[in-house]
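Asks: Chains as they are written, first to last, in this note's numbering: chain L, 1 to 629; chain Y, 630 to 1125.
Just so you know, these hints were derived from the structure itself, not from any lab. One or more of the hints may lead you astray.
Restraint ranges, calculated between C-beta atoms of paired labels, are given here [unchecked claim]:
(1) K784(Y) / Q80(L): 51 to 57 Å
(2) N663(Y) / M584(L): 50 to 56 Å
(3) V1048(Y) / Q80(L): 29 to 35 Å
Chain Y regions said to be covered by chain L (calculated; three or more residues, Cβ under 8 Å) [unchecked claim]:
(4) 701–709
(5) 713–725
(6) 797–803
Derived contacts from chain Y toward chain L, CB cut-off under 10 Å, selection only [what the hints assert, rightly or not]:
(7) S904
(8) S906
(9) F920
Ideal Cβ placement from N, Cα and C applies to all residues, glycine included.
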Amino acid sequence: MNQTLLLLIVILPFASAAIMGMAYLFTSLRDERIYSFIGIATPVAVTLFSLILGVQMLSNDTTFVIHSTLFEWLHIGEFQIAFSLMADRLSAVMISFVSLIGTLIHIYASGYMRDDIGYGKFFAYFNFFLGAMLLLVLAQNPIIMFIGWELVGLASYLLIGFYHQESGNITAANKAFIVNRIGDFGFVIGLALLFLAIGDKGFGFDAIRAHISLVDPGLLAPIGILLFVGAMGKSAQIPLYVWLPDAMAGPTPVSALIHAATMVTAGVYMVARFDFLYELIPSVGLFIATIGIASALFAAIIACMQSDIKKILAYSTMSQLGYMFVAVGLGAYSAGIFHVFTHAFFKALLFMGAGAVIIALHHEQDIFKMGGLKTRLPLIFATMLVATLAISGIPPFAGFFSKDAILVHAFAGGHIYIWAIGVLTAFLTAYYMFRLFLIVFITPAKTAHRTTEVGMSMKWPLAVLATGSALTGFLGANEAYGGSNLFGTFIHLGDRVHHVDHSTEYLLGGLSVAVALAGMMLAYLRFGKGASEPKADTPWRALAINKFYIDEIYNALVVVPLRYLSILFDRFDTLFVDGTINLMLLGYRGAADAFGTLQNGKVRYYALYILIGISLLSLAMLRMTRSPL
Amino acid sequence: MLYDLFLVLPMAIVVIGAIVLMLLRFSPWLSVINRNFITIVILGISLCIDVLHYAAAPDTFVFVDIFGHGFVVDTFATLFDMMFLGGAMLTLLINNEYFKSRNYFDGDFFALLLFGVFGMMILAHANELISAFVALEIASLSIYVLVGYNTANPKSPEAMMKYIVLGSLMGALFMLGVALVYGETGSTIIGDIYQHIASHPHTNHTLIAVGGLLMIVTILFKIGAVPFHAWVIDVYHGAPLPVAMVMASTFKIALFAITLRIYLIDFEPVYAVWSQSLQIITALTLIGGSFLALIQDNIKRMLAGSSIVHAGYMMIALCSIGAGDKLAASAIMFYLISYFLSSVGAFGILSFLTAKEHKHLTFEDFRGFGFRHPYLAVMMTIFMLSLAGFPSTIGFMGKFYIFVSAIESGHVYIALLGVFVAFVSIFYYFRLIAMMYFNKDEGKEQEFAFDTSTTLIFLMALLTVTGGIGMGLIPYLPSADGFMDIAREAIGSLVR
Chain L
1 MNQTLLLLIV
11 ILPFASAAIM
21 GMAYLFTSLR
31 DERIYSFIGI
41 ATPVAVTLFS
51 LILGVQMLSN
61 DTTFVIHSTL
71 FEWLHIGEFQ
81 IAFSLMADRL
91 SAVMISFVSL
101 IGTLIHIYAS
111 GYMRDDIGYG
121 KFFAYFNFFL
131 GAMLLLVLAQ
141 NPIIMFIGWE
151 LVGLASYLLI
161 GFYHQESGNI
171 TAANKAFIVN
181 RIGDFGFVIG
191 LALLFLAIGD
201 KGFGFDAIRA
211 HISLVDPGLL
221 APIGILLFVG
231 AMGKSAQIPL
241 YVWLPDAMAG
251 PTPVSALIHA
261 ATMVTAGVYM
271 VARFDFLYEL
281 IPSVGLFIAT
291 IGIASALFAA
301 IIACMQSDIK
311 KILAYSTMSQ
321 LGYMFVAVGL
331 GAYSAGIFHV
341 FTHAFFKALL
351 FMGAGAVIIA
361 LHHEQDIFKM
371 GGLKTRLPLI
381 FATMLVATLA
391 ISGIPPFAGF
401 FSKDAILVHA
411 FAGGHIYIWA
421 IGVLTAFLTA
431 YYMFRLFLIV
441 FITPAKTAHR
451 TTEVGMSMKW
461 PLAVLATGSA
471 LTGFLGANEA
481 YGGSNLFGTF
491 IHLGDRVHHV
501 DHSTEYLLGG
511 LSVAVALAGM
521 MLAYLRFGKG
531 ASEPKADTPW
541 RALAINKFYI
551 DEIYNALVVV
561 PLRYLSILFD
571 RFDTLFVDGT
581 INLMLLGYRG
591 AADAFGTLQN
601 GKVRYYALYI
611 LIGISLLSLA
621 MLRMTRSPL
Chain Y
630 MLYDLFLVLP
640 MAIVVIGAIV
650 LMLLRFSPWL
660 SVINRNFITI
670 VILGISLCID
680 VLHYAAAPDT
690 FVFVDIFGHG
700 FVVDTFATLF
710 DMMFLGGAML
720 TLLINNEYFK
730 SRNYFDGDFF
740 ALLLFGVFGM
750 MILAHANELI
760 SAFVALEIAS
770 LSIYVLVGYN
780 TANPKSPEAM
790 MKYIVLGSLM
800 GALFMLGVAL
810 VYGETGSTII
820 GDIYQHIASH
830 PHTNHTLIAV
840 GGLLMIVTIL
850 FKIGAVPFHA
860 WVIDVYHGAP
870 LPVAMVMAST
880 FKIALFAITL
890 RIYLIDFEPV
900 YAVWSQSLQI
910 ITALTLIGGS
920 FLALIQDNIK
930 RMLAGSSIVH
940 AGYMMIALCS
950 IGAGDKLAAS
960 AIMFYLISYF
970 LSSVGAFGIL
980 SFLTAKEHKH
990 LTFEDFRGFG
1000 FRHPYLAVMM
1010 TIFMLSLAGF
1020 PSTIGFMGKF
1030 YIFVSAIESG
1040 HVYIALLGVF
1050 VAFVSIFYYF
1060 RLIAMMYFNK
1070 DEGKEQEFAF
1080 DTSTTLIFLM
1090 ALLTVTGGIG
1100 MGLIPYLPSA
1110 DGFMDIAREA
1120 IGSLVR
């Protein structure tokens, strides 16, 4: 029963994606109701199944793991890789909220994509993504995980370039795919090294965990770093983050589901999955945390100067992912996953709210052309307020508890610099989020604009998510805040534990709240009454507005030299390689023409060739048989 | 006795089916399509029984009191039976549209085809040289007539005449070879010859060596080895497409069935005598075949020329058997499967197109094909890649096993030559691919027509790809390893 459920969770989305894809490709069926029914029924079913599994996890002890094998995939000698799935507490939590939020975004998308020509295609891709993500999470071994890892990348590529009629979108999709390729290269090398080290003892996560101590410690660090390189690409960390802001070219539900709530957190999940590995190499963990906190600060700075609503949210995602890597890097795996969990709610909500605003304003994305929408879009205003408070870390909203857990852990672990930068980033987060919120909803608009009504299917998922953003924080509240860290106890990862006094905890918590309030205050002072687009009047501002010129630097350092190298090789190819081949061909062709003249169509000649052949063979035979055999 | 009858049932069904079809020659209510369908059903029933046999893995002589040890039913023969039957069924199914589009396929065509398949099956089961000869001639005579079936096109009877004249010459040589072997050993049973050589170690077996040579030359002629190849291109060109398909695939497999049986069992002690000559012929075949394939402008003739090259590849493995490599025999069987899939697929697309468009199928006709028929073009590309031996297709694995066998038996130069010829072959296979995709023409994209032919071609393209991947990428579909295991098992039943 459980095994079947587990298989269904992965197979159902793929199956419905295949059905819808076929229907879209081969039939003229374009009825949106059918596609939205199949497209939404699937995640609903998957959510139910995931919750059934999750409830069973609750009532059993921590060793309760469900395994399920579909078929044997690879069989080379003694070694075999089965296509198997595994649900333990960590993956059960992941699939529960991935499918739940996925369901809400599917419902939202059924309104958002209305009257789009590619409606069926969109839902086929969307279900495909969901299946790939669940496969990634439920994989029993890293190979299957890698398949899921690549498939979510493919889905992301397809959906970023969904409006492929515009070349800009295709460029963005290609950029995402290619940058991820670099990360995946590291990931695959890391897996290969791990496989070389202990692959002969079985390559499931259980087997790796059991034998990890056999790996040469000198090899563990490169493995850990290379796996994290994969995470850098997928989860948009420095230096491989450049694709994420551009990925906002996709439809907004895609940004909400893939580039905010689920796929980009795969890197964090992967590190948490390999917690036993990273526990052995704390120095690599510190490296991860450093990259994470640098990304968090860097993205927050850029976000303060952007004017495209989706780009701001994209940088904010990158910034929050940085926090998550701080957590998993410093060994607070459950805190990291908890932030993944709460972040999924409020970031999906922010994106969906932004999408609703964009639709209401007829595809306007520049926040400085919005304003005063509070009265016209009251529900979106209210839900966005909840999400903004949550991401800024104002208690009792969800973001406060998860972010605070990470910062307290960093502080208690003695990583004061990381903690300090984290607090600074929290300040910037509150600032840029309220800047966005105030400019869109409160500040009076400079130009009048017409708004259209947003459909119900786009509204009530927002309400559900707002409830989640407000309340889920309590699941992870620790003793100091009157909870008992239910979330962390449940997922049961190998956390490094630091003891912290309640008084210290209150102090740190109070400080982050104060900092967040200061950020909000600053935003209000600057944008509460009137807002104008940021101008690049000082060098520092110019730097931030232009995203530190990272794209240009990459272009100059990587793309341009590669291009010249290609041109050089091309010259060499046409001159020498082609020349040689053509020369050879010329000779071969001449010989072939000569040989072809033997083929004159006359049977007597053909018989002659045969007789000559036999005669020569007989002569050879005479020579051979002279000596006894 | 009854069990023996059950064992020969597949052959009996085919030959009785042929006779029945012949009796229904003038029946007015049987259209071409119906006859085709009946033939496929006959072959299908026979195939089903053969599958049962294959599962039971029999290894016995049948009707010993009548035929003595002349007629054997073993896994090897059963597997080959299945390949003939499956191959013939596929060929007929794929050509369904083609039969409809031409008016010269009457009742005898299908009866003759069944007789041909019957001959091939007997050939696989023959454990005696005279029976093998008779079986070979049954198959060959049917093919001769089938080649000349399109009387409206003067090329077709001409091809038949060429084939029949040269074929009879070689048939006579085969008989002479059998007589010489009999002269020394006093038996024509396969296995007795081996016994004779083994029990007379210090004699000069000139008669066996020469007799064996003549028999082998006949087989080399049939598979189109240089310099016995000259008929190949003319005959393929003149023959109706379905017949060319049968010759390139099923008939060639049948020839290797008897070759492997004779060669592996009987002539093991005298390999050394032919070794060098065979290597020279192999080299000639590889180079000469690629010459001929290179200069053709007609796709059918190009495929005919390339079939010579493919015969050359299988001869590489034959040389390796001579040098004592036991895996080489299964490499040949694997290559046969791979060549069958890709060549029947390629011919199938040609026949599908000629059925629809009545073209001569030169390279020029494929200009812009990738834009007019995107799906068919993809499949054609897959088949061309497989024929050229591109990785991740079954053709690559086939060549890989062949080259491994050559290197393991020390024939590095032949393996290198094989690689070189494969390199040359890219020129004529990719010429078609380039023609399809790099040249636009004004033709509009056409709908993908779903019918028996295209579905089967699609299936074969799929097998061509999955067969090229060593492991079960797609569950429950045979992979390269699966094919190779089957081939090994069959060879294992032969070498006792």
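Asks: Are the hints correct? Go through all of them and say.
Replies: Hints and how they fare:
no.: 1; hint: K784(Y) / Q80(L): 51 to 57 Å; verdict: 55 Å, holds
no.: 2; hint: N663(Y) / M584(L): 50 to 56 Å; verdict: 53 Å, holds
no.: 3; hint: V1048(Y) / Q80(L): 29 to 35 Å; verdict: 32 Å, holds
no.: 4; hint: 701–709; verdict: violated (count 0)
no.: 5; hint: 713–725; verdict: violated (count 0)
no.: 6; hint: 797–803; verdict: holds (count 3)
no.: 7; hint: S904; verdict: 9 Å, holds
no.: 8; hint: S906; verdict: 5 Å, holds
no.: 9; hint: F920; verdict: 4 Å, holds
Checked against the numbered hints above, the structure violates hints 4 and 5; every other hint is satisfied.
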